[in-house]
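Using the hints, put the two chains back together into the complex; each one sits in its own frame.
Chain by chain, the residues run as shown.
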Amino acid sequence: MQAEQTEWGEKSKSGTMYLQFYINENGDKVYTTKKESPLGLATESAHPARFSPDDNRARNTCVIITAASLGLSPSNSYKFSFQLCNDCKVFQVITFVCLQAFQRVVIGWDKDVESSQVTAVSCLSTMATRNLGGFLVLILAFTICGAATVFQPISDSHRSTALELFVPAGGSFGSLEETYEAVRSFEILGIDKKPDISSTACPSVLETLGSSSSTPKDLLYALRVNSILKCNVNEELLKGIVPRLKAAVNDASSLLEFYYSIGSLVLIKDQSSDADVLLVDADGIFHSIKALSQSDGRWRYGSNNPESSTFAAGLAFEALAGVISLASSEVDQSMIGTLKNDILKLFDSIEKYDDGAFYFDEKAVDARVHHGPLSTTSSVVRGFTAFAAVTSENLKLPGDKILGLAKFFLGIGIPGDTNDFFNQIDSLACLENNRVSVPLIVSLPITVLSLTKKDQLKVRVNTVLGSDAPPLTVKLVRASISGSRDISIESQDLKFDKESGSHVLDVLPKTLDVGKYVFVFEVVLHDSEHEEVFATGGQTQVPIFITGVIKIDSAEIAVLDSDLGSIETQKKLDLAGENVVSLSANHLQKLRLSFQLTTPLGQVFKPHQAFLKLRHETKVEHIFVVGNSGKFEIVLDFLGLVEKLFYLSGSYDIQLTVGDAVMENSFLEAIGHIELDLPEAPEKAPHPPLQPVDPYSKYGPKAEITHIFRSPEKLPPKELSLVFLGLTLVPFIGFLVGLLRLGVNLKNFPSSAVPATFAILFHLGIAAVLFLYLLFWLKLDLFTTLKALGFLGVFLLAVGHRILSHLASTSAKLKSA
Amino acid sequence: MARSTSNDAQALFHSLRSAYSATPTSLKIIDLYVVFAVLTAAIQVVYVAIVGSFPFNSFLSGVLSCIGTAVLAVCLRIQVNKENKEFKDLPPERAFADFVLCNLVLHLVIMNFLG
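In order, the protein sequence lines correspond to chains A and B. Start counting the first sequence at 1; every next residue gets the next number (UniProt numbering). Start counting the second sequence at 1; every next residue gets the next number (UniProt numbering).
None of these hints come from the bench; they were simulated from the model. As the structure is a computational prediction, the values presented were derived from the model and not from experiment. Beta carbons: idealized from backbone N, C-alpha and C, even for Gly. One or more of the hints may lead you astray.
[To be verified] Straight-line distance between alpha carbons at most 27 Å, and here's what the computed BS3-like set of lysine-lysine pairs gives:
id, chain 1, residue 1, chain 2, residue 2
1, A, Lys458, A, Lys34
2, A, Lys747, A, Lys35
3, A, Lys813, A, Lys787
4, B, Lys82, B, Lys28
5, A, Lys702, A, Lys684
6, B, Lys88, A, Lys454
7, B, Lys88, A, Lys345
8, A, Lys606, A, Lys551
9, B, Lys85, A, Lys815
10, A, Lys516, A, Lys551
11, B, Lys82, A, Lys230
12, A, Lys352, A, Lys340
13, A, Lys684, A, Lys619
14, A, Lys702, A, Lys714
15, B, Lys88, A, Lys813
16, B, Lys28, A, Lys813
17, A, Lys340, B, Lys88
18, A, Lys619, A, Lys551
19, A, Lys34, A, Lys606
20, A, Lys815, A, Lys747
21, A, Lys747, A, Lys779
22, B, Lys82, A, Lys815
23, A, Lys779, A, Lys714
24, A, Lys401, A, Lys475
25, B, Lys85, A, Lys813
26, B, Lys88, A, Lys747
27, B, Lys28, A, Lys815
28, A, Lys631, A, Lys510
29, A, Lys572, A, Lys551
[What the hints assert, rightly or not] Some chain A residues well away from chain B (every beta-carbon gap over 12 Å; in silico):
id, residue
30, Lys352
31, His608
32, Lys613
For reference, chain B alone in the conformation it holds in the complex (with noise of 0.2 Å):
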């Protein structure tokens, strides 16, 4: 039982990579952005794990910054993505705009509550 169960996570695997090589290469660009934020914000956890949280302002700052910019980052991938009906009226250089827009004003606040 084991074994067809580590025989299917092989092949479950197998079958996620060849599906996402076949995504555009835009939308892995956004992935791989995606998961640079992710990553740094969970290093910043995890230094505050260690040292303790004392200037919390600044470490709320810190992974909220990161976590803000994924979650743009997301919204920027569901409306450039051409298989999603809803936007297809929306040119992706708009939704590009609008991803930069929101990351000045998301960085200009953490900017501020940084300290």
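Next up, chain A with everything else stripped away, as it sits in the complex (with noise of 0.2 Å):
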């Protein structure tokens, strides 16, 4: 059980928590509880985001809990979503405390939340540090699988990221391109930080501007970046850069050039107010962009390049606007008609997620540049917006798609990368403020209402960045228990209240019990000709989870005689407060405990844990569930469990937990003591698992090893050695005595010089190697020896020979004389 626990990981958190922080001017870290800092920027949660996605007790139909928009740490911040099962029996035990937790914090701590998002659990790691504040804490929206998904528009959040990931290294942010990126988040979101950024990037800009050698790319991004911080620039040189412009885009073949040369021109024709840019030949422009596009509504990026991608057809819809808008006579209406129908068309290949986002994405993975789905998209819904802003006529696309669209990017969450974010904030801006339907997000800022607290259900509208939404209604049209088809409201309108900008339901209706429902929302505009212009999306369908305080009474605990089924101890139990309960029993005995749960409206209440634990002294647990048959009763026969508690006889503390989602005082209790005499183990009985040691405890000192050494043998007494000694040398002695009474003599040794040399040398020979034997005994070692052994013995076989063949023939002549 203990190694299950971590599997939940850490949640990530949301800025409903207390700790903030802001950086100073000196760049340090400092930590307060208030909104916003000293700077007058927005602080952000101190609390980092962490999560572990790869959860796999995922069951089918189960409650699916999407992460929305996050706390404030770019690196993670994408969607992601993990399953709880409702019927799984193998639960955390501690997750039901973290839920407990989760209903405290967000009752206490929801209240108005008007940029981070929705609810915040806190989830323990352990049972132990229940009562510390090591919190883990989840982001949670619900909803029921394969439906929607809550989606929360722009928030504080968004510009806090902004600030942190638009950092500009050293001053400047790099090429034109990425200052482009940063200014226009910085502009969409309203963050005013142009002073610093216009001192480093104007130079730049003007550079740019002013050099030749420039490229329509490098000309593009200048004067985009120019629109946004007004730097100074010289009528005359927007002038002079038209006609090297109006070649390029006369010269162009490739898509990409004509985007960068038109695009130009236009944002010259905004910034210069006489600068002569209208296009003479649009039709034939026209023209040779539409020649790359291909039947599906893709586009070529040249006429040599078979492959056709969607981004490109976002940048040709881009391209193609800019013409229209900067021709000089009126271009062809066919033209556009069939502009039109393929704009319709690249709609037909778009591709959706269950909970209705819509997105498109490139088919072909071309090898040097790889668009994902968020950059294709966002590329799109540029050109389409821009198209849409030049013509006279509208663009005739279905609203639920363009809410898909924005609900895609709304769904990302706050991206990490700046590139990213760029590409959804930018788009978002598009969305927002585009000719053919204005898209409007329905967000709840909490999804779990308390009865005790007697929530109010708040619904808000607005446009995608946040703004406010034209004059709607918000109607409920119906709320049921999931997963069950009993509707326990119907049809009510939502009242819209000025001061908060969200739609409330005042009261609850006395018939709503504690459980988890759907919640089914309408829009409904007042003025019928927004109907045209905006997209509401129909019905949204949100989860809702209606939490309570669960009664419980008559809880008991007895012990029972197996045979008669007669008590012998009995006490009653208070599981609200302090409970120190004693109780012994035998191995014939059982333990019974029942309770009654019931919800504030009456109603039996069955909860998701009811879990009773048995730990031994050893820390040996078992954990059995309570069965519910209208109460909640659990036997335990001891008779039966001896064996699955190992034998092990002795204390056992007795918990009982109780816990579920909707039950706002979930509990782990410990109840008392029970003294178990179990009968002893026999031979072949399991023993109890191992129970996990310290980690740290291999690091600690170890046992001593006691060294055996093999006990010295007995030697002799040394005085007796010597004796023996002694009496070695005696033979010799007598052998030289021996030798002496038998009259040895020398006579044979030879006279004359040469022999006797060689005889002295024979001599002296032995007696080196027996020496050299001797230092071989006492310190040499084989080889020295043997090298050595070799050279005297070479010597002394040829004295030898010398001497012995000397004495040989003088003893053959005396034998023949």
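Take a look at the structure:
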């Protein structure tokens, strides 16, 4: 069980926690609880966001918990989801304590959250830290499988992330493209950082515009940056570029060349009052761009490039919109009509996610430049909104697809990459004011309502960038318990509260009990003309949790005799308060625990978890599920459980855990102790599992190793050995004495000089060999000995041969003579 | 009967002594050498019997050196003895040279094994 604790990982958190921080002028992190730093910028949450997405307990048709936009760490802010199983029996005991804490967090801190998102769940990783502050926090937005997710419009967390992401390295942002991304994002989000950026970016802009070697791409980005930063660019400078750009347009053959030069000309038209940017041969240019299109609505990059791309289609739309706006005479209407058909055909290839988000993706993977769904979709959005802005008639695109595109961008959360962030924000800005249909996002600040606190249901309807929507009414079409068809509420209108800017359902109907519901909302615009302008998306399904305090009563614990069923000890428990019950039982008896749970409205409540845990003093734990048949009861028959308990007798701690997502007072109570007297374990009984060892104990001192040496042999006393040494020499002396007695003489020793020397050398040689052996015994090793012996042996052989042959010849002469 | 046996023993002993005194001196030297070597070996065995054979390799090398050199001396005696018809053509110096060489090799091995 303990090994599973960490599977739930750590969850990310939202700005509803109190501790925030901001970076002051010196670059230090300053902690505070305020929402705004002294520098005037929004503070960020100090709690990091972490998540483990590899939850493998998913079962089908369960509650999907989807994280909406997050806290402020830009590194992991993409949409993620993991599944909790409703019916999963093997659920962590811990998570229910977590959910209980979640209720507390939500109820306590959810008010007036105008920026940060949704509900926070503090999830604890161990039971032991229940009362400590070691929280890991989840952000949940609930949904039913396969249905809608609640999307949130752009908020202050985006603004603070933008400040964190777009940090100029060394004063400037690098290329003009990156500068443009940064300033455009700041412009859309309303962050005013212009003075210090202008000072670094404007010189670069002027240099690019003035240089004659700048490519149309450089000019485009320089002009874009200029349009936002309003650097003081000389009119003459702008006019001087125009002929170059016009020549580039006429010579252009690839889509990108058209795009850059036409885009630059459009910007010059806005920035300069009297530059002559109008295109004479607009029809021809339109035609040549159109020639690169494919039948499925996509575009090729160039005539010699066979691959078509959706990203290129977006660029083409923008370029063609630019051509239309720059045309000196009216562009042929039939060509505009075919372009509209192209856009519609491209929209046929749109893909969608289950939660209602629509997006475009590239089919062919281009090795050089890969555009993911985000950049492809944002290119198309820019394209068609630019086109819609310049045509007089309306582009008839289905509103739900536009809303789907908006949901796609919002569903990303807060991207961690500057490019992705810019694409998201820029596309949302295009969608905010587009002339096709403006998407309206229905969002709920909280989706968990507490009956005890008498929470109000609040719904907000905004545009994607968070601005106000036109006058409308939000209707609650119906509310039903999730998983069933019974309808609890029908057709209520929500009142609009001007102060908070949200629609409020004043009082929850009295018939709403605790549980999981699905609320279906519909947005009705007051002005019927607005129906064409705004896209509301029909009915939105939102899962809502209604929580309350569950009453526990008639709780009692008893020890029964197994055979007769008679009660030996019975104690009443007060599960809301403290209990220390002391029981004792032997293996022939049973333990019975029973209690009843009722909801605030008096219904019988069935919680998700009801566990009884017995923990032995050696930390071996056993968990049992409390059954439900009207009232909750569990009977532990020790006779059958003896083997499961590993025959361990002694004192067991009893703990009861009851919890559910909608139960505000989920608890984990220590009820008391029970002394169990179990029989002795037989030989083959299973051993209790090993308890985990404290991992740091392996760094502590280890047991001392006693080395056992071989006891030295008993040596004889020294005197005895010396005596025998002397005794050994006795025969030698006897030998010498005997030799003398035998009359040994040296008569045969040669008298003449040469043989005499050889004789002496012979004897010396033998003596040397014997001395070598002595040295060998004392300190030499075999190899040196053998080497020396080799030399000595050769010498000895030579000498010996001489003297002995001499002696032999002498004696032979004597014999013959 | 005992007296006759003791008389016989005495007579046998005397005849042995007289026969032995006829052997040449060089052979007597070799005999003496053999006796010396065997006695040394015996003393070592007695020592081991008393003390125990803890450094067994030392005991073996000591005893085997004595026995080995005794054996080589016996070989020398056989080869040098003029009454042996087989070794008539072998010059005694050659036998002696063999004796010295073999002894040196034996003692090299013994020294290595002595430890």
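So, against the hints stated earlier in the document, which numbers end up violated here? Checked against the structure, the hints that fail are numbers 2, 3, 5, 6, 7, 11, 14, 17, 18, 19, 21, while the rest are satisfied.
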